[in-house]
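The primary structure of each chain is shown beneath.
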Amino acid sequence: QQPVQSPQAVILREGEDAVINCSSSKALYSVHWYRQKHGEAPVFLMILLKGGEQKGHEKISASFNEKKQQSSLYLTASQLSYSGTYFCGTEPMENNDMRFGAGTRLTVKP
Amino acid sequence: DGGITQSPKYLFRKEGQNVTLSCEQNLNHDAMYWYRQDPGQGLRLIYYSQIVNDFQKGDIAEGYSVSREKKESFPLTVTSAQKNPTAFYLCASRRRGTYNEQFFGPGTRLTVL
Numbered sequence: 001q002q003p004v005q006s007p008q009a010v011i012l013r014e015g016e017d018a019v020i021n022c023s024s025s026k027a028l029y030s031v032h033w034y035r036q037k038h039g040e041a042p043v044f045l046m047i048l049l050k051g052g053e054q055k056g057h058e059k060i061s062a063s064f065n066e067k068k069q070q071s072s073l074y075l076t077a078s079q080l081s082y083s084g085t086y087f088c089g090t091e092p093m094e095n096n097d098m099r100f101g102a103g104t105r106l107t108v109k110p
Numbered sequence: 001d002g003g004i005t006q007s008p009k010y011l012f013r014k015e016g017q018n019v020t021l022s023c024e025q026n027l028n029h030d031a032m033y034w035y036r037q038d039p040g041q042g043l044r045l046i047y048y049s050q051i052v053n054d055f056q057k058g059d060i061a062e063g064y065s066v067s068r069e070k071k072e073s074f075p076l077t078v079t080s081a082q083k084n085p086t087a088f089y090l091c092a093s094r095r096r097g098t099y100n101e102q103f104f105g106p107g108t109r110l111t112v113l
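From first to last, the protein sequence lines stand for chains A and B.
Under the working numbering, the first residue of the first sequence carries the number 1, and numbering increases by one thereafter.
Under the working numbering, the first residue of the second sequence carries the number 1, and numbering increases by one thereafter.
What the hints contain is simulated information worked out from the structure, not anything from laboratory work.
These numbers were taken from a predicted model, which means no experiment stands behind them.
Treat the hints with caution; some may be incorrect.
[To be verified] Listed next, the in silico SDA-like pairs over lysine to any residue satisfying Cα-Cα at most 25 Å (straight line):
id: 1; chain 1: A; residue 1: LYS37; chain 2: A; residue 2: VAL4
id: 2; chain 1: A; residue 1: LYS26; chain 2: B; residue 2: ASN100
id: 3; chain 1: B; residue 1: LYS70; chain 2: B; residue 2: THR20
id: 4; chain 1: A; residue 1: LYS37; chain 2: B; residue 2: LYS71
id: 5; chain 1: A; residue 1: LYS26; chain 2: B; residue 2: GLN41
id: 6; chain 1: A; residue 1: LYS59; chain 2: B; residue 2: PHE103
id: 7; chain 1: A; residue 1: LYS37; chain 2: B; residue 2: LYS70
id: 8; chain 1: B; residue 1: LYS9; chain 2: A; residue 2: PHE44
id: 9; chain 1: A; residue 1: LYS37; chain 2: B; residue 2: LEU27
id: 10; chain 1: A; residue 1: LYS50; chain 2: B; residue 2: ALA31
id: 11; chain 1: B; residue 1: LYS57; chain 2: A; residue 2: PRO92
id: 12; chain 1: A; residue 1: LYS26; chain 2: B; residue 2: GLY58
id: 13; chain 1: B; residue 1: LYS71; chain 2: A; residue 2: GLU94
id: 14; chain 1: A; residue 1: LYS109; chain 2: B; residue 2: PRO39
id: 15; chain 1: B; residue 1: LYS9; chain 2: B; residue 2: SER49
id: 16; chain 1: A; residue 1: LYS37; chain 2: A; residue 2: ASN95
id: 17; chain 1: A; residue 1: LYS109; chain 2: A; residue 2: LYS67
id: 18; chain 1: A; residue 1: LYS37; chain 2: B; residue 2: ARG109
id: 19; chain 1: A; residue 1: LYS26; chain 2: B; residue 2: LEU27
id: 20; chain 1: A; residue 1: LYS67; chain 2: B; residue 2: GLU72
[As the list claims (entries may be wrong)] Counterexamples of contact, computed for chain B against chain A with all Cβ distances above 10 Å:
id: 21; residue: GLU24
id: 22; residue: THR77
id: 23; residue: ARG94
[What the hints assert, rightly or not] Heads up, incomplete: computed chain B residues facing chain A, CB under 8 Å, no partners named:
id: 24; residue: GLY42
id: 25; residue: GLN56
id: 26; residue: ASP59
id: 27; residue: ALA61
id: 28; residue: GLN102
All residues carry an ideal CB built from backbone N, CA and C; glycine is no exception.
Start from the sequences, fold in the hints, and give me the full structure.
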């Protein structure tokens with residue numbers, strides 16, 4: 001029931017772009033994106049709803065393909081502060097239980 | 001300031017002992033969640049509750065128990081039946097309904113010796 005994320009890890013230089021993908025086998029109402037720094041709690045980045053609404057971070061964009069139940073998070077012109085583990089959380093149509101993917105570890109180097 | 005508190009931050013217990021992890025929120029959120037995180041891994045759902053006096057099992061509920069007697073509190077008990085309880089435990093809450101993000105507590109790192 002957990003969504004599948006890819007890639008597992010990404011290493012970038014400052015200024016480079018990255019895309020993180022998330023897919024689910026269930027029909028989804030929403031996809032959430034969070035970032036977690038080591039030893040800390042995850043922090044909310046963005047919500048994407050079925051139907052196209054979005055709410056979230058100004059400098060981060062994402063897409064949600066309702067037909068394929070897939071979402072992608074786009075990190076452009078990466079900064080050192082973008083380093084961390086990114087999780088997608090998916091909310092199925094039939095209930096509000098949120099399940100998270102295994103995470104994508106992003107490392108931005110100077 | 002509104003938020004979620006988890007205590008303690010670090011907890012050590014001997015094998016075979018039950019232990020209860022605290023989670024309190026003053027955000028007036030209806031839904032609360034418990035997740036377990038193992039090193040280098042994602043968040044796995046243990047239990048969740050949408051309203052007071054009601055809760056549902058997540059994907060890894062075996063060896064855990066919860067209660068939801070008050071809206072603001074959702075304690076998690078790790079019982080001796082949990083075979084490998086050492087992990088980082090995160091509590092979260094959100095307003096009921098969609099389009100509302102989850103807010104996470106700071107977590108409790110449980111080590112069973």
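Against the structure, the hints come out as follows:
Pair hint LYS37 (chain A) plus VAL4 (chain A) holds up; C-alpha atoms about 20 Å apart against a cutoff of 25 Å. Between the alpha carbons of LYS26 (chain A) and ASN100 (chain B) the distance comes to roughly 20 Å, so the proposed pair stays at or under 25 Å and holds. Pair hint LYS70 (chain B) plus THR20 (chain B) holds up; C-alpha atoms about 16 Å apart against a cutoff of 25 Å. Of the pairs offered as hints, the one joining LYS37 (chain A) and LYS71 (chain B) is violated, with about 29 Å between alpha carbons and a cut-off of 25 Å exceeded.
Using a Cα cut-off of 25 Å, the hinted pair LYS26 (chain A) and GLN41 (chain B) holds, with the two alpha carbons roughly 21 Å apart. Between LYS59 (chain A) and PHE103 (chain B), the direct Cα distance comes to roughly 20 Å. Compliance with the 25 Å bound is thereby established for this hinted pair. Straight-line distance between C-alpha atoms of LYS37 (chain A) and LYS70 (chain B) comes to about 31 Å, which puts the hinted pair past the 25 Å bound. The straight-line distance between the Cα atoms of LYS9 (chain B) and PHE44 (chain A) is roughly 21 Å, inside the 25 Å bound, and the hint therefore holds.
Between LYS37 (chain A) and LEU27 (chain B), the direct Cα distance comes to roughly 23 Å. Compliance with the 25 Å bound is thereby established for this hinted pair. Distance check on the hinted pair: LYS50 (chain A) and ALA31 (chain B) sit about 21 Å apart at the alpha-carbon level, within 25 Å; holds. Taken as a hint, the LYS57 (chain B) and PRO92 (chain A) pair is honoured in the structure, with Cα atoms around 16 Å apart against an allowance of 25 Å. A distance of roughly 16 Å separates the Cα atoms of LYS26 (chain A) and GLY58 (chain B); the hinted pair therefore holds under the 25 Å criterion.
With a C-alpha separation of about 23 Å, the suggested pairing of LYS71 (chain B) with GLU94 (chain A) holds against the 25 Å cut-off. The straight-line distance between the Cα atoms of LYS109 (chain A) and PRO39 (chain B) is roughly 22 Å, inside the 25 Å bound, and the hint therefore holds. Proposed proximity of LYS9 (chain B) and SER49 (chain B) is supported: the alpha carbons are some 22 Å apart, at most 25 Å. Simply put, LYS37 (chain A) and ASN95 (chain A) have alpha-carbon atoms about 29 Å apart, too far for the 25 Å limit, and the pair is violated.
For the given pair, LYS109 (chain A) sits about 36 Å from LYS67 (chain A) by alpha-carbon distance, which is inconsistent with the 25 Å threshold. For a cut-off of 25 Å, the pair hint linking LYS37 (chain A) to ARG109 (chain B) stands: about 15 Å separates their Cα positions. Straight-line distance between C-alpha atoms of LYS26 (chain A) and LEU27 (chain B) comes to about 30 Å, which puts the hinted pair past the 25 Å bound. Pair hint LYS67 (chain A) plus GLU72 (chain B) does not hold up; C-alpha atoms about 38 Å apart against a cutoff of 25 Å.
Once the 10 Å rule is applied to beta carbons, GLU24 (chain B) is consistent with being away from chain A; the minimum gap is 15 Å. The claim that THR77 (chain B) lies off the interface holds: its Cβ sits roughly 20 Å from the closest Cβ of chain A, which is beyond the 10 Å cut-off. With 10 Å as the threshold on Cβ separation, the claim that ARG94 (chain B) sits away from chain A is violated: the shortest Cβ distance comes to roughly 8 Å. The interface hint given for GLY42 (chain B) is met, as the beta carbon of that residue sits about 4 Å from the closest beta carbon of chain A, less than 8 Å.
Against a cut-off of 8 Å between C-beta atoms, the interface hint on GLN56 (chain B) holds, since the closest Cβ of chain A lies about 7 Å away. Satisfaction of the interface hint for ASP59 (chain B) is found here, the shortest Cβ-Cβ separation to chain A being roughly 6 Å, below the 8 Å cut-off. The closest approach between the C-beta of ALA61 (chain B) and any C-beta of chain A is roughly 12 Å, which is over the 8 Å cut-off, so the hint fails. A hinted interface residue such as GLN102 (chain B) counts as satisfied when its beta carbon comes closer than 8 Å to some beta carbon of chain A; here the least separation is about 6 Å, so the hint holds.
Of the numbered hints given earlier, the model fails hints 4, 7, 16, 17, 19, 20, 23, 27; all others are met.
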